[in-house]
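Take a look at the letters that make up each chain.
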Amino acid sequence: MSKPVEEIRIGVYVCHCGTNIAGMVDVKNVADFASRLPGVTVSREYKYMCSDPGQELIRQDIKEHRLNRIVVASCSPLLHEETFRAATAKGGLNPFFFHLVNIREHDSWVHENRQDATAKANALVHAAVERVRSHKALTKKQVPVNPAVLVVGGGIAGIHAALTLANAGKKVYLVEREPTIGGHMAKFDKTFPTLDCAACILTPKMSSVKSHKNITLWSYSEVSRIEGYVGNFEVTVRRQPRYVREDLCVGCMECIDACVFKEAKFPNEFDEGLGKRKPIYVPFPQATPKVAVIDPDRCLNVKTGKCKKSCVASCDRGAIDFTQKPEDRQIKVGAVVVATGFKAFDAKRSPQYGYGVYPNVYTSLEVERLVNASGPTSGEVVLRDGRHPKTVGIIHCVGSREEHTNRWCSRVCCMYSLKLAHLVKEHSGAEVFNFYIDMRTPGKSFEEFYQKLLKEGVHFVRGKVAEVNDWVLDPSEQGKLVIRVEDTLLGTVRRIPVDMVVLGVGLEPHADAQEVRRLFNISCGTEGFFLERHPKLAPVNTFTDGIFLAGCCQGPKDIPDTVAQAGAAAAEALALIDSGHVELEPNTAYIVEEECSGCKSCVPLCPYKAISYVEDKKKAVINEALCKGCGTCVGACPSSSIKQNLFEDEQVFSEIRGVLADV
Amino acid sequence: MERQIRYQREARPAWGAEIAKLPGCERLYSCIQCGTCSGTCPMSLYMDYTPRRVIALIREGFYKDALSCRTIWLCASCYSCSSRCPQDIKVTDIMYALKREAIKRKVYPSRFPTPVLAREFYRLVKMFGRNSEFLLVFLLTLKTNPLGFLTMARTGIALLLTGRLSPKVEMIRDAARLRKALEPKEVA
Amino acid sequence: MAGAMLNLIMENQTSTNGTASGFEPRIVAFFCNWCTYTAADLAGVSRLKYAANVRVVRVMCSGRVDPQFILDAFAKGADGVLIGGCHPGDCHYIEGNYKLLRRVRLLHRMLRDMGIEDDRFRLEWISAAEGEKVKTVINDMVEKVRKLGPLQLPQRFRDGDKELEGEQLKAEAAHV
Amino acid sequence: MSEKPKVGFYWCASCGGCEESVVDLAEGILDVVKAVDIVFWPVAMDFKRKDVEAMPDGAILATLLNGAVRSGEQEEMVRLLRRKSKLLIAYGSCAHTGGIPGLANQFSREEILKFVYQESPSTANEKNTRPQTRFAEEGRETHLPELHQVVRSLDQVVEVDYYLPGCPPTPNLLKNALGVLLSGKLPPKGAVLAPETALCNECPRKDSKPQDVAFKEFKRPHLARIETDKCILAQGFMCMGPATRAGCGAQCVQGNMPCTGCFGATSRVRDQGAKMLSSVCSNIDPKEEPEIDKVLEGIPDPVGTFYRYGLARSLLRRKVSTV
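Protein chains in written order, with the working numbering: chain V, 1119 to 1781; chain E, 4 to 191; chain A, 431 to 606; chain L, 3 to 325.
Bear in mind the hints are in silico, worked out from the structure with no lab data behind them.
A hint or two may mislead.
Unchecked claim - As a list, the in silico DSS-like pairs of lysine-lysine whose alpha-carbon atoms are at most 27 Å apart: (1) E/Lys102 x E/Lys67; (2) E/Lys129 x E/Lys171; (3) V/Lys1543 x V/Lys1573; (4) E/Lys24 x A/Lys574; (5) A/Lys479 x V/Lys1654; (6) L/Lys191 x V/Lys1735; (7) V/Lys1380 x V/Lys1426; (8) L/Lys191 x V/Lys1254.
Same shape as in the complex, but just chain V (with noise of 0.2 Å):
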């Protein structure tokens, strides 16, 4: 006998977590039964655990009670398995000798019958005692964090990301789809409740992109791949061709002026369609990169290698370069953000209020370009037909709300439609009826905002819109837009005649958000948008460590949220960053060497290629540093060989035997 064996010493803290557990779960009776549990010192019931007193508790009698196993029943190990791991290292024991058993999330606040909930804590505390007997002494691996960050999409969430990182002397790529970052905001006329120009306070930002050292920015590219870990982070990005040299493109345009196509015939994306380009074209003035680009679908040269190539003719530069092929560029970083912004609803899913079917009714989209000074008509409420509104209809809750297009408020259609209103009122004189169901207006100014345009004359109908056509059952209806909609405050349905509807249409996720989802390795909620980590103590963090959330592809938010969420996710990652290591959660796998008899069967299973097959040895071995701790190979190993820390055979089989015990 080497080495005596260590008597087994525990202590179990059963949390009340106020009323939460308590309310639920009989605490008393569960520390009772856990006190009556073999190899069971301590057993104790108490308020909230993880309080600083709560967890002094724990400290205090490892050091009294020489306790050498931690059980605390709690709430989730997602939430406060690092608290108590602190807090039984702080008592001079290893940290994982400590068991977390979730008796919240799990038990109290999902069932009905106390009886019940504490028969269940019971077994789990149960299971908990009889799995830290076979807990080992683990320590966690420390990795070097490579400084670079990477985020993805330039929208505002992503600008003010990757300005707070570089400022911060971080070096940040930054990769945008489109050709030009800016995002939805750069198309916004005005902005509520301020109302001071999206323009003039988005530029500036987007040229500092530009210009800081220690950005770089690569519009039209998308991430194609990732790879690594937390801190270490293999990226690989695509960079389409836009067959201009941005090296040498300057921004004159001159090449546009040249181009086959004398007439811009084209629509503009950054117009919604309603202004038009060329195939070459700079998407619009303040576009930056300031490049020009060339849509691969509409130029004649790429589409049929038959042009004149006025373009390149006409560059003094050489800079437009038919042969550019897609690139792909590999990059290092050591944290993520990403701002991959959202989609507006697209309105013909609605078909009761005729978009596409009626020419005067309008995205908020639309109208937001419409309204802009340097949008297709130069800030003028002109319709498509050439006239004047007179009176407009302005429909809340577009695609939100709805069980049949996306059940949730999209939170900023309130605002906007009533900033629209204001605009629309302000540009064209027309008398204006906003029809909401409810109006939301619960931010920093926008209650004022709202009874600043209930004194400006405009309409408030509540009642959400039924429908809106062309039907006229009156002669005041003769040429207009006919909205139907109960007015809910009259109690009566009425008819208004308009010429202008503007659909505030809601925010959605991207398309291709599960695509992004998967690329990232991280979550989306049942509407689509990414997942955070904790809705309140982690928002702006994903499951997966080192990759955070910044802006609308997190869920709908306005511009001052997303900035402020776009903070919030470069200072997680600059603490990532900064603090220059990641430690690693022990849990890997390990082949004992002597136990194994290099069947190979656990090679193929590695996604990670963790596992090697060392011809000298005629064994298997793993190699800890790629290994992220999935446990596949230990649950496939025939000859139960690989064991997983933290998760090893004896543990899990306690637990099982724990959870059963009265059985």
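Given chain V, work out where chains E, A and L should sit, using these hints.
Relative to chain V, chains E, A and L alone:
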């Protein structure tokens, strides 16, 4: 003058919950009172309460108003409201549920044709195994608007003469068995 | 002798009690850390209510679920075993869930051959966002297992070994 | 002190191959006889039960007992020998893990009796006679042992000191084991006297196994040709080697047949069949359920495949409905 204020003692909120348990009424409490149903409804033109208000009445338990209003009988079952409702509430089904409740409690507007039509139709089918348009029109007019015989006589005779309305009552074989089969359901 | 009879009667009673309507199934669940465990947390945060019959064992990936765990759970008295993992294509570890799926396909057949009904063993893909699915799956499974009645392998093992205990008594008596 | 240690052999529910393997020591058996006194070996020597009963408890140093426990008589003998022996050794797969007889645990006793005495195609038994445990004629009463409900491994009935695995254990294994026992340097109680690695470790075809096995089909040895120089499992034949304890020298593989798992699992494994199932299934190539199932059609009888020797001592032990 009728008082317009409603006292809470007149409401039975539990009744609303009862209605919500009936088939098709499950999503009653999801209503956000947006008025899409009313705006969509081709009959809301004539309704005393808009469908949205009927839903509000049910939820708050004002069963007398909800059961005696004209709205539920005016509903033409076009299902436009159900298809447009952003909360996927089956408004038409709720109207049916209220109609059944009203018939059960006999609290529908007197001489209102719809419930009479439904009842007489059922009686005829139960008796003969088939509907007889002739008898149905006769009974309906008799029980709702006897004066109608005078105003409708010309049309009726014209229909009879052109063979569009047959006074012959058709019967299925073994109608007695059908009657028997329908008996227990009446008990329930 | 009378004591033994009494024991027998008592035990018979407990086993019939088990099959009465008061039967509460014991279900052991193995949930992967990233999707289903998180979904169960979400169900908690959303205060969804579901049956209290399931005890969750957390593993990092559903690929860690060793068929031994499943058999052991049954052998230790589980009436059902539920495994929750990320949807195909969504595994946090790329494809651990596929490896589990392949095991489960054969294990289902093997369990059937060993007399364990299909409804006692279930694999569900539940993403981190599907708190509602945790609730419906658990409630549904509890109902189905309740209908099947208790599996009670430990009791069956004990009952089966009674044929040995008789011999044991005889041997001891002869020895004395 | 000059007295030689006493050794016994006994045979329960098994085929007799284990007894044969003792004889397979060939001239080696002479060394055994030189070193020990065989005091009980019904198959080879004329000792009676009453001779054993007459011995004091613990008089036998070691009894090597083969066969599973299937009947009342076997249970009685097992208990007797347990009392009389200092060391009781489960010899061979049947004693160790239930062995082939353990496969009967997929059926109830009634099903088995019915088949054997009534339904089997070769049975002629018009009166449906069944063996009785008691039979009296002309004033004489005869007792027959009762068939147990299930088959048990030795350690499910009495305490076992050591295990010698195999169907049958190889002579080498026996020789080594006897050497260890006689040396007095006893391994920890409960040990299996064979290596702790899986069979692949000593398989002559180990090097031929590729590192990227992905099963697209499973084949059965009687229906397809096994190539003689390649890993049998990698060829798609269910070779239990990766989940089976080494020690036999991979004799079956050398005879171009897959390992069927008679040595049982390594001591770290709780259920040999489950682990083998886990391993091969994880390495199946397709990802979609219908294609996976198609590959798995090549394993028509998972219980018979993965638990050929180990059903009685597996985690589930027997078909649920049997008891």
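Structure-based check of each hint:
no.: 1; hint: E/Lys102 x E/Lys67; verdict: holds (13 Å)
no.: 2; hint: E/Lys129 x E/Lys171; verdict: holds (17 Å)
no.: 3; hint: V/Lys1543 x V/Lys1573; verdict: holds (13 Å)
no.: 4; hint: E/Lys24 x A/Lys574; verdict: holds (24 Å)
no.: 5; hint: A/Lys479 x V/Lys1654; verdict: holds (22 Å)
no.: 6; hint: L/Lys191 x V/Lys1735; verdict: violated (31 Å)
no.: 7; hint: V/Lys1380 x V/Lys1426; verdict: holds (13 Å)
no.: 8; hint: L/Lys191 x V/Lys1254; verdict: holds (26 Å)
Going through the hint list in order, the structure does not satisfy hint 6, though it satisfies all others.
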